[in-house]
Every structure is written in C-alpha cells, then in structure tokens.
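In the order they appear, the protein sequences are chains A and W. Residue 1 is where the first sequence starts when you use the working numbering, and the numbers rise one by one after that. Residue 1 is where the second sequence starts when you use the working numbering, and the numbers rise one by one after that.
To be clear, the hints were calculated from the coordinates, so they are not data collected in a lab. There could be a bad hint or two in this list.
Stated by the list, open to error - The calculated lysine-lysine pairs, modelled on BS3-like cross-linking and capped at a C-alpha distance of 30 Å, are:
1. Lys64/A <-> Lys400/W
2. Lys64/A <-> Lys337/W
3. Lys366/A <-> Lys366/W
4. Lys28/W <-> Lys400/A
5. Lys353/W <-> Lys400/W
6. Lys353/A <-> Lys337/W
7. Lys32/A <-> Lys266/W
8. Lys28/W <-> Lys285/A
9. Lys293/A <-> Lys266/A
10. Lys400/A <-> Lys290/W
11. Lys32/W <-> Lys64/A
12. Lys400/A <-> Lys285/W
13. Lys400/W <-> Lys353/A
14. Lys285/A <-> Lys170/A
Claimed, not checked - Some, not all, of what chain A presents toward chain W, calculated at C-beta under 8 Å:
15. Asn86
16. Ala137
17. Leu139
18. Ala140
19. Asp226
20. Ala356
21. Ala359
22. Glu363
On a predicted model such as this, the values are computed, not experimentally measured, just so you know. No residue lacks a Cβ here, since even glycine has one placed at the ideal position from N, Cα and C.
These are the residues of each chain, in order.
Protein chains: 2
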Amino acid sequence: MSEIKEITGGVCAAQGFRASGVHCGIRKNKSKKDLALIISDTRAAAAAVYTQNLVKGAPLLVTKQNIADGYASAIICNSGNANTCNANGVEIAEDMCKLVQQSAGIAADDVVVASTGVIGQPLNITPIEDGMESLVAGLAYDNSDAAAEAIMTTDTVKKSAAVEFTLGGKTCRLGGIAKGSGMIHPNMATMLVFVTTDADISPEMLQKALRNDILTSFNMVSVDGDTSTNDMVSVLANGQAGNAAITTENEDYDTFCKALHTVTVKLCRMIAGDGEGATKLLTCKVNGAKTEKDAKIAAKSVICSSLLKAAMFGADANWGRVLCALGYSGADLDVRKVDVSFASAKGRIDVCKNGAGIAFSEEIAKEILLEQEIEILIGLNDGANSAEAWGCDLTYDYVKINGDYRT
Amino acid sequence: MSEIKEITGGVCAAQGFRASGVHCGIRKNKSKKDLALIISDTRAAAAAVYTQNLVKGAPLLVTKQNIADGYASAIICNSGNANTCNANGVEIAEDMCKLVQQSAGIAADDVVVASTGVIGQPLNITPIEDGMESLVAGLAYDNSDAAAEAIMTTDTVKKSAAVEFTLGGKTCRLGGIAKGSGMIHPNMATMLVFVTTDADISPEMLQKALRNDILTSFNMVSVDGDTSTNDMVSVLANGQAGNAAITTENEDYDTFCKALHTVTVKLCRMIAGDGEGATKLLTCKVNGAKTEKDAKIAAKSVICSSLLKAAMFGADANWGRVLCALGYSGADLDVRKVDVSFASAKGRIDVCKNGAGIAFSEEIAKEILLEQEIEILIGLNDGANSAEAWGCDLTYDYVKINGDYRT
Chain A
1 MSEIKEITGG VCAAQGFRAS GVHCGIRKNK SKKDLALIIS DTRAAAAAVY
51 TQNLVKGAPL LVTKQNIADG YASAIICNSG NANTCNANGV EIAEDMCKLV
101 QQSAGIAADD VVVASTGVIG QPLNITPIED GMESLVAGLA YDNSDAAAEA
151 IMTTDTVKKS AAVEFTLGGK TCRLGGIAKG SGMIHPNMAT MLVFVTTDAD
201 ISPEMLQKAL RNDILTSFNM VSVDGDTSTN DMVSVLANGQ AGNAAITTEN
251 EDYDTFCKAL HTVTVKLCRM IAGDGEGATK LLTCKVNGAK TEKDAKIAAK
301 SVICSSLLKA AMFGADANWG RVLCALGYSG ADLDVRKVDV SFASAKGRID
351 VCKNGAGIAF SEEIAKEILL EQEIEILIGL NDGANSAEAW GCDLTYDYVK
401 INGDYRT
Chain W
1 MSEIKEITGG VCAAQGFRAS GVHCGIRKNK SKKDLALIIS DTRAAAAAVY
51 TQNLVKGAPL LVTKQNIADG YASAIICNSG NANTCNANGV EIAEDMCKLV
101 QQSAGIAADD VVVASTGVIG QPLNITPIED GMESLVAGLA YDNSDAAAEA
151 IMTTDTVKKS AAVEFTLGGK TCRLGGIAKG SGMIHPNMAT MLVFVTTDAD
201 ISPEMLQKAL RNDILTSFNM VSVDGDTSTN DMVSVLANGQ AGNAAITTEN
251 EDYDTFCKAL HTVTVKLCRM IAGDGEGATK LLTCKVNGAK TEKDAKIAAK
301 SVICSSLLKA AMFGADANWG RVLCALGYSG ADLDVRKVDV SFASAKGRID
351 VCKNGAGIAF SEEIAKEILL EQEIEILIGL NDGANSAEAW GCDLTYDYVK
401 INGDYRT
C-alpha cells in the first residue's frame, strides 16, 4: 500500500479545486469572514453524511437532493447563522445554490450548501447576494485558508489537513477543512467538514469509504454531548489525478480509505482540541475490550464525562471518575480487571490496576496532566479490541461562551 | 384519598425514628459533620434501589445483603469518602455495620450502610470507631438535620422533606433526607436518599412503591450526566402509626405512594436546584407526547444539554438549543409540531411555535430567565402523555468545584 504523506493546502491540495472566503455581512464583525466557496474545475463524484438529529438544518435537505445523483461541483457555506428552524429555510438554501449558478456558472443542483451558527433566526439572503462577486473573484488554487476561516464560528483556529498518496503510480491528493467548537457530539455524521480529492473514485465507493470512515473518526469526537442539527461531512472527488477509477474494494480503495482516515482523524483532533473553551485535547484509548463496540462505547463515555473533563482542566488525576464513566457506559466489561493510566509528553503514570487504586506520585501526575495533550489509557483486559475517542476539558470559558452566545 | 400535608422533621417526622450526625474525622474540616446514624425503635420493613453503574460502591453490596430479608433497623452513612474501588471496601462497610451493633445494639445485618465522597481512596475505619460514642449519644427524635448535614458533600444546603397523611383513620408520617450535588444522573436509582415512615407496609409493597416512584422522581433528575457509583434510595417503614398493614395495592397503598412521591419530588427539586455550582433550578415539562416514554426521554434530554444549561446560566432564551436537544433525544416526535415557552415567577413567554421561531421580546425573556426557578415548557402536540424532569444551569462554579475536587 502507498505511503500516506502529510502535505499542506487543505481543500486546494488536490488538483483542480479553487477556494475563496469573504466577509459578506451575515456577521456584524467585519474582520470575520462569513462566506466560503469551493469549486472543482470538473464535475466531481460527491458523497456526504448528515446529522442524525431529527431537527435538520435546511441546507442539509437541499444538499441531499443535489447530490442524489452522486455528483457535485461546488460547495457554498456561510457562518453566523445555521438556517435551521426557519419557515423559509429550504428556500434560502436553494437561493444560495442559485447564486452560485449565477455567479460561477455551476448548475444550482450541483451545489453542496451548508450553514453554521445560531439556530432559529431567519437567514437574510441579501448579504450573500451582495458578497457573491467578491467571493467568486477571490477563487484561487491556493486559497483554502480563506474558506477554512469563513466557516469558523466559535472556533479559535482554522482546521485543515491534507495528504498525498499514489494510486497505480499516479500521485493523488486529498485534503479537508473543518469547523467544530460547540454542539459537537456527532452521531453517524459530524460537524461541518469539506474534503476534496483529485483521486478518481465512483460515487458509490466514495460514499462507502466516507460512511465507514466516520465510524472511527468524527463519531468518536465529543465536545459537549450535544449532537448538532447541521452536522455534515462531504467529499468531492474530481478524478484529475488520472488514476484508474476506483469502482470496487481493491487495493487502491484501501489506500484511498487510509488517506481519507489520515485527514479525518487529524481534523477530529483539531476539532476536539479546539472545543469551546478547551485548554486541552483529550484522547481516550481503550484496549482489551470484548468487542470493538464495547471499546468504542467505553472510550466515548469517558470522553463525555463532565466530571472527568473538569478534572482534566484542573490537572487532577481523579481516575475514580474514569471508572465511574466506564461503569455507566453500557459497555460489557469487568470492573475488577480495569487498568487506568494517564500520559502526555511528560511521561506516563499508572493510577488504577484491577479496578482499584494504586499508590502513585500526585506530583508526577500533575506534571503529566498540565500538558496540553493528554492520553487516558484504559486496559479492560477482557479481549482484543480497541478504540480511540477525542474530546476536551470543561472550562470556565465553555460556560462563558455559551452563557450568552446569541447576544 | 387522604390529603397529603407537608410538615417538618425530615427522617424524624415519623414516630420511632431517632437521628444523629457528628464530625468524626474522615474530613479534615472539623466544622463539617461526616457521619450520620438513623435508628428505628422497632425493626422496620426495608426497601432500596441502587445505582445501575457497573462500578458499585462497596456499601451498596453490603446493604443489599443486609436487607435481603426485607427488614432493617438502622442506617449509617459517612461523607468524605465513597468507599468505592477499594480492595478492602466490603470489609470496611461490614465493619461499619458491626460498629452500629456494638454501640447501638442493632444486629449488624439489620443495618443499611452508605458512603459518599471521593472514589478510590481507602476509607480508614478508625475515625468512625472513634466517633461512634458521640454519634450514638447524639441520637434524638428531633435531630434529622444533624444527619442531613453529615451526609452532605459539595451540597450547599441540607435537603429534607416530610409529609403527614392518614391511612384508615391513623395518622402516618413519611420524611426523608438527601444528598446530591455532583455525579448526579440517576439511572434506575439515585443519589443518596434516606426515607423513613411509621406507616405499616409489607417489605414487598414498600419495594414496589419505591421502585415505581423513582421512575418519575429521581430518575428524572440530572446535574451533570454522570451516573454515580454510590447512588441509593432506601426507605424504612416501622409501622408505629398503627394502620392496618398495607399488603396489597389497595387505596391505602395509593395514598402511601402519593405521600412518598410528594417527599421524593421535593427532594428531587432540592437536589437539582443545589447541583454543583448551580444558580438556577430548571424544570422541563413536556406535554403532548405520543407515549410517556417519549415524554420522559425528551424532558431528560433537554435538562441534560450542556448548551441549554449554559444558556440558562446566562438568562439567554436560546430556544434553538431546546429544539436541538429534542431532536437528538431519541424520542419519537415531529419537530414541525413543537412549541416552546419559558416561564418563571415573572411570567411566561412563548418563543417557538410549530418548530420555528416566533417574534418575542428579548427584554421580557431576560427578565423571566433571571429568576432562580425556570420552567422550560414543551408542547409536542402529538399525543396525550407528559413528563417532568429537573436539572440546573451550568456555571463557572461547576468547573471550579470539579477542577480540583480531590485536592
């Protein structure tokens, strides 16, 4: 299998993709971009997964319809307003697609449309109309960062990742951008993530690769336990790399999946580490589970525990909260066999063995937990399955950000 | 059915129950009581429900064994240490029962034993041994508050409730004390609650009444989504009221259940309102659900949303987060039919109708939401079932309390 090499370029890393991002006026703050556009030079195979929340943002409904034939050529996304729970939501989302057609010559039904921001406030189309000219003028093959910036809400950093790999001797690239931060607890879907690739792959195989990928990437992330109404990951594959089209689960498909997973996991870690108010990225690694499902449930439960998240903020090695979260997770496990350790760049410390505490240096534990990237290592000693989940600490700033998000 | 009248007295409201609470030294802070004892003058029917967390505090295992025959005479409970995930936990819990036998003449296997506090640190029996003499000396028929105080952890107020009612012309009383605050998300059980009554009721009917009660009381409370390892509610019924013993589901049983529910719901509201760091009690009332199960799932999901909890802290009428929490709850509902209002002592304001926002005065909404007791009223308009759940806001102090709980 081909080596997967990390590169720069985000959604413009792959050949034939231009991106742009501008401030059009949905947000009052003029220094914050709020409208993004990504365009493929040629029609691309398209795949997407959506939130399982019964309340679905109007843009998701329109996107689903537009890529029902397996193809799309453009992505438009605004921040500052989720266009969700609005009576005219679908109409506005369709208008956004029509604006792409008018300004960039892409058929309206070949557009992936997304919105992110506050729920339940009507989205005014006028600033988007007004902003289209400069948005299209800004399209460039090296402008992924502008789009990544334009889709941010309470995110504090742009989230971007890309890789290079070969399929049948042809160099391919795959890259993505993401927005995360709050209302992050994906369920069979995720926050907003846009991935582009120049690999040639059929819509069916692209959808299969994506649907499989999220089970161990975005579905294993939680910032606050709230599954958003507007979660979506979409992938466009325009085939410009010239590889033999992937149409079955062959070796090229495996390589493609590995490349995709490298990018999605990187974006997951960025989303978790930049959770609202977060000061730390938490990674929970569960080993020795009876089944993969048990491993996943256990890892996710630990990552979601408010008590553990607050303890991590305080750099407190309170492993009892890890045991507690395992105990109520619903995973099939024997608490008398559980081992727990904490690790970071400063080292690793064992704190619980066979479900009971062991003597450890609080001083060393503190030093390890004061780092920004923390691993919570759990051995269930009950099987051969493992899983990994990502989250963040719970901080004063999470409360501050969400105490008056609308005002 | 008899009227249910609220009275004072907590666990000493019922005839023949004495209580006591002292500082014995488990906690370093000498002004904080840490050991409680409740004794019935005569052997009482006993019932209990326990946490469904796979990690169970050792005291729960010992209590379960001790009341397997349906009877008990005393309750001993320490705070400051949960006696959970300790190798010698069961031994220590049994030793606590033996100390009650030695000091108060109650058979060790007639003792309900409980512990609450940090998980995974060995519980030293010595301070408890040393404290037994003063604990027993303090037993009195009007000393419920001392016991209520001794079981508190991060609670900021004592939690106590009692009622008077009649069964077949005989005056009966039923009262309880509780500790709550953090790691509160009961699942088929609850935080620590001790209820006493002088009503005569068989152990079987008492267990049935309790098991049924918690489904609409403690199981509808959440402070932080973390189901504790040490949750327990236990009821002692010593029959001293002299009523005809309740042995079937007759009218007296219904009255007894109603009395029990009055006390448990009051304790629920106290536990939710005094959640760690909380400034507000939130009550979510769901009406018009297809089934009671759907109503409960919906109400609990809203109460558990970190985003909504933070919005309530900020007095922000962010109803989109209510819709979002309903949407991912798993309840069977039609989002296009959902109505949402907020209410408090300052009035009521409608904010969402048929799943979409309606115009409302942010000023009036703010005034309503600045109160300490907030109701989130949800109409699903899809059936005739309702449910109520209790929770609290998410505040800076929750993070502060849990950032360094152990140190």
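Hints, verified against the model:
no., hint, result
1, Lys64/A <-> Lys400/W, "violated, 43 Å"
2, Lys64/A <-> Lys337/W, "holds, 23 Å"
3, Lys366/A <-> Lys366/W, "violated, 41 Å"
4, Lys28/W <-> Lys400/A, "violated, 33 Å"
5, Lys353/W <-> Lys400/W, "violated, 37 Å"
6, Lys353/A <-> Lys337/W, "violated, 51 Å"
7, Lys32/A <-> Lys266/W, "violated, 48 Å"
8, Lys28/W <-> Lys285/A, "violated, 36 Å"
9, Lys293/A <-> Lys266/A, "holds, 22 Å"
10, Lys400/A <-> Lys290/W, "violated, 37 Å"
11, Lys32/W <-> Lys64/A, "violated, 60 Å"
12, Lys400/A <-> Lys285/W, "holds, 26 Å"
13, Lys400/W <-> Lys353/A, "holds, 28 Å"
14, Lys285/A <-> Lys170/A, "violated, 35 Å"
15, Asn86, "holds, 6 Å"
16, Ala137, "violated, 34 Å"
17, Leu139, "violated, 32 Å"
18, Ala140, "violated, 35 Å"
19, Asp226, "holds, 5 Å"
20, Ala356, "holds, 5 Å"
21, Ala359, "violated, 10 Å"
22, Glu363, "violated, 11 Å"
In this structure, the earlier hints numbered 1, 3, 4, 5, 6, 7, 8, 10, 11, 14, 16, 17, 18, 21, 22 are contradicted, and the remaining ones agree with it.
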